[in-house]
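Protein chains in written order, with numbering that gives the first Met the number 0: chain A, 0 to 143; chain B, 0 to 143; chain C, 0 to 143; chain D, 0 to 143.
Hints are computed from structural coordinates only; laboratory data are not their basis.
Incorrect hints may appear among the rest.
On the chain B side, residues computed to face chain C include the following (Cβ under 10 Å) [as the list claims (entries may be wrong)]:
| id | residue |
| --- | --- |
| 1 | Glu86 |
| 2 | Asn90 |
| 3 | Thr112 |
| 4 | Arg125 |
| 5 | Leu129 |
| 6 | Thr136 |
Cβ coordinates follow ideal geometry from the N, Cα and C atoms, glycine included.
Chain by chain, the residues run as shown.
4 protein chains.
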Amino acid sequence: MNFKPRNPNFATEVHDSFSRQHAMTLIGAEVIRVEPGEVDIALPYRSDLTQQDGFIHAGIIATVADSACGYAAFTLMPPNSNVLAVEFKLNLLRPAKGSRFVAAASVLKPGRTLTVVRTDVFAEERNGELIATMVGTMMCLPRT
Amino acid sequence: MNFKPRNPNFATEVHDSFSRQHAMTLIGAEVIRVEPGEVDIALPYRSDLTQQDGFIHAGIIATVADSACGYAAFTLMPPNSNVLAVEFKLNLLRPAKGSRFVAAASVLKPGRTLTVVRTDVFAEERNGELIATMVGTMMCLPRT
Amino acid sequence: MNFKPRNPNFATEVHDSFSRQHAMTLIGAEVIRVEPGEVDIALPYRSDLTQQDGFIHAGIIATVADSACGYAAFTLMPPNSNVLAVEFKLNLLRPAKGSRFVAAASVLKPGRTLTVVRTDVFAEERNGELIATMVGTMMCLPRT
Amino acid sequence: MNFKPRNPNFATEVHDSFSRQHAMTLIGAEVIRVEPGEVDIALPYRSDLTQQDGFIHAGIIATVADSACGYAAFTLMPPNSNVLAVEFKLNLLRPAKGSRFVAAASVLKPGRTLTVVRTDVFAEERNGELIATMVGTMMCLPRT
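The shape of chain A in the complex, shown without the other chains (with noise of 0.2 Å):
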């Protein structure tokens, strides 16, 4: 899809929001793609993101997805615009075994208030093997 975004500085206000989300840094995620209406964000493996067989726990790859979500979201709001994410599901595909994870998130439906995001999450590299997808909603609110 081609989306237009309604604020010129989203890419920048993309990565400011995302340096102050502490629990990315805690995680070691970074954001590796930024476009209208789709952001990566990507995952090295570390062993103190596992669950107990040594694979990284599905809460953190809940984590970066749901991080892809509301960024993709957040693209195409208007100026100051906050975003909060209302729910997502996440189905766990396979193992997420590998040295990396992408969370490559993608606007389904763009609206004023609520945005639907999929964020499809693949090992190594952007459409490796899909280990993970999640589907979101996401909130626009006016920054406070």
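Take the given structure of chain A and dock chains B, C and D to it, following the hints.
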């Protein structure tokens, strides 16, 4: 509901497995209650777990809720089982403000292969303000 | 929970709106309880509502659960509101066997724009065997 | 994706099973495409399928999307299988306005026990306006 565990060591095994979830150590979560079909996990507030507004990141809430779902299901599995998340949805009801959060999981339907679990996440204490709710599907696998 | 309705005619409006949901007439569903934040819908078994094994189709269960979610949310909305579903997830716990089903919806979190509702679907009667559970997000719109 | 069916009669079996889903007959849905891992179901608009505003009821959309998910999964199952829905989430993106709707299901991850499927629901025709999207988990059971 009144469930009969098939593994007499279920509580010990929950604690053992939890201690191998390094993601739980990283975020500072701890198991505070283990009963047949029910597990509570507590998460103290830390500023390194936050999103852009200083609230706990929705993905971190999902991480403790997912572990609570998984271990609640695990309490009812036979010996030598392993548990994996198939899917979960998290609805965020209020901003995750507070000094501490409790994810309280209860099995809705145990099964040989699949167990469905609901986890409510409260601020401060069990049955405090409800900030999020998850329903997830957990899968029993033989331990390898 | 103890909710105060903002629309004194909430019960009448639920019944009026429900009578305009022709899909409810088609499947034979009826509203059997309307309280602030809570609505029950009953669905008698009919063989023309089934899937390939003779159980009620999961989508038909979703249909009554979604209407129950929507009207439970609607009871708490101000006058001249309309309600639309944003999203719902249904977990199917047991085959929908029985002569009658009751979808019992309770609001988890009312909001000006979004209301989150849980609906449990029971066989035979409220608090009978739990066959499915839904959590959904309902949106308040001004009536046009 | 390019899936190899394990049941050479998958297409015939989809049609046979679908014809036993009486709920599909009731609402007037029909299977219009069956490929390995992909099934499309069409639903013409009918005023007896609507909610209070005259749009197709979200639950009826869920009903066709769920059947599409189930049969897409079923195309990849071995002979003598049966398919049941474990869970699905539906996000409603736009009002279900139109003369006809197409639910197009694609398997994301086939599995021995569980298969995850995505169904997009379009107005008028495949790849028309996207009105809803579902991700569901389908379970393979031996036929009894």
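Here is what the structure says about each hint:
no., hint, in the structure
1, Glu86, "holds, 9 Å"
2, Asn90, "holds, 5 Å"
3, Thr112, "violated, 13 Å"
4, Arg125, "violated, 16 Å"
5, Leu129, "holds, 7 Å"
6, Thr136, "holds, 7 Å"
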